[in-house]
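**Student:** The sequence shown begins at 571 in my numbering and counts up one residue at a time.
Everything labelled a hint here was simulated from the structure, so no lab data went into it. Take the hints with a grain of salt, since some may be wrong.
[What the hints assert, rightly or not] Now the in silico label distances, taken between C-beta atoms and shown as ranges:
#: 1; residue 1: A678; residue 2: S702; range: 29 to 37 Å
#: 2; residue 1: F742; residue 2: M653; range: 17 to 25 Å
#: 3; residue 1: L744; residue 2: Q673; range: 38 to 46 Å
#: 4; residue 1: N617; residue 2: V677; range: 13 to 21 Å
#: 5; residue 1: I576; residue 2: M707; range: 24 to 32 Å
#: 6; residue 1: D696; residue 2: I574; range: 43 to 51 Å
#: 7; residue 1: N605; residue 2: N676; range: 18 to 26 Å
For each residue, glycine too, the CB sits at the ideal point set by N, CA and C.
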Amino acid sequence: MQKIFILTIFLLLIAATNAHALFTQEAGMISYQINDSDRIAVGNVTNVQEHFKYSVVTIKVDEWLMGPLPSNEIEVITERGSMYINNNEPRFYNGESVILMLQDINVAENRFKVTIGEPGKHPTADRGEIISELESMGKSNKSEIVPTARSDNTIPFIGSYWLVLVFACVGFVLRRSQK
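With the sequences and hints as input, model every part of the structure.
**Tutor:** See the structure below:
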């Protein structure tokens, strides 16, 4: 029985270390992210509300680089919550300045998700590179970059941390039952 327990722990470690390898190599390319995005916004994180399985992040938009909207505040929904950690989703911090590749969830309610998860979140230092890529792809011109002068029912896959916890509990119960 000890061999099964050790094998289970070994498999869990392998599963946990491969969690970051879920993105294709091209997902890190800005051109790939632009093609999969509905909009690109530059802004600051003003609020992060963590719920059990997801978070709602409020962004004060300073500038729209692609797909401009008249709104200067949006909400970004992530599949990363207080009790659910999805390492493929971006993590946000209050006061953080970001550039986000966005996909529409509900434009009327200013709700979006980050394109491709973590790779779709960029530091503001990437602004020049993103604008150059937009221009080379013909997806942007200078008139489309708009500064803002105005002051879900999915069941996500169980995260690797929960998997470790479940298997640890099973191992504990098996060990206790052998005594």
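**Student:** Could one say that the CB atoms of N605 and N676 fall in the range 18 to 26 Å?
**Tutor:** 22 Å, holds
**Student:** Take a look at whether the Cβ-Cβ distance between N617 and V677 falls inside 13 to 21 Å.
**Tutor:** 20 Å, holds
**Student:** Between F742 and M653, does the C-beta distance stay in 17 to 25 Å?
**Tutor:** Given about 20 Å between the Cβ atoms, the range holds.
**Student:** In this structure, is the beta-carbon distance linking L744 and Q673 contained in 38 to 46 Å?
**Tutor:** Cβ of L744 to Cβ of Q673: about 44 Å, so the range 38 to 46 Å holds.
**Student:** Verify the CB-CB distance for D696 and I574 against the hinted window 43 to 51 Å.
**Tutor:** 48 Å, holds
**Student:** For the hint 29 to 37 Å, verify it against the beta carbon of A678 and that of S702.
**Tutor:** Given a distance of about 32 Å, which is inside 29 to 37 Å, the answer is holds.
**Student:** So the hint says 24 to 32 Å: do the beta-carbon atoms of I576 and M707 match that?
**Tutor:** 51 Å, violated
Comparing the model with each numbered hint stated earlier shows that hint 5 is the single one that does not hold.
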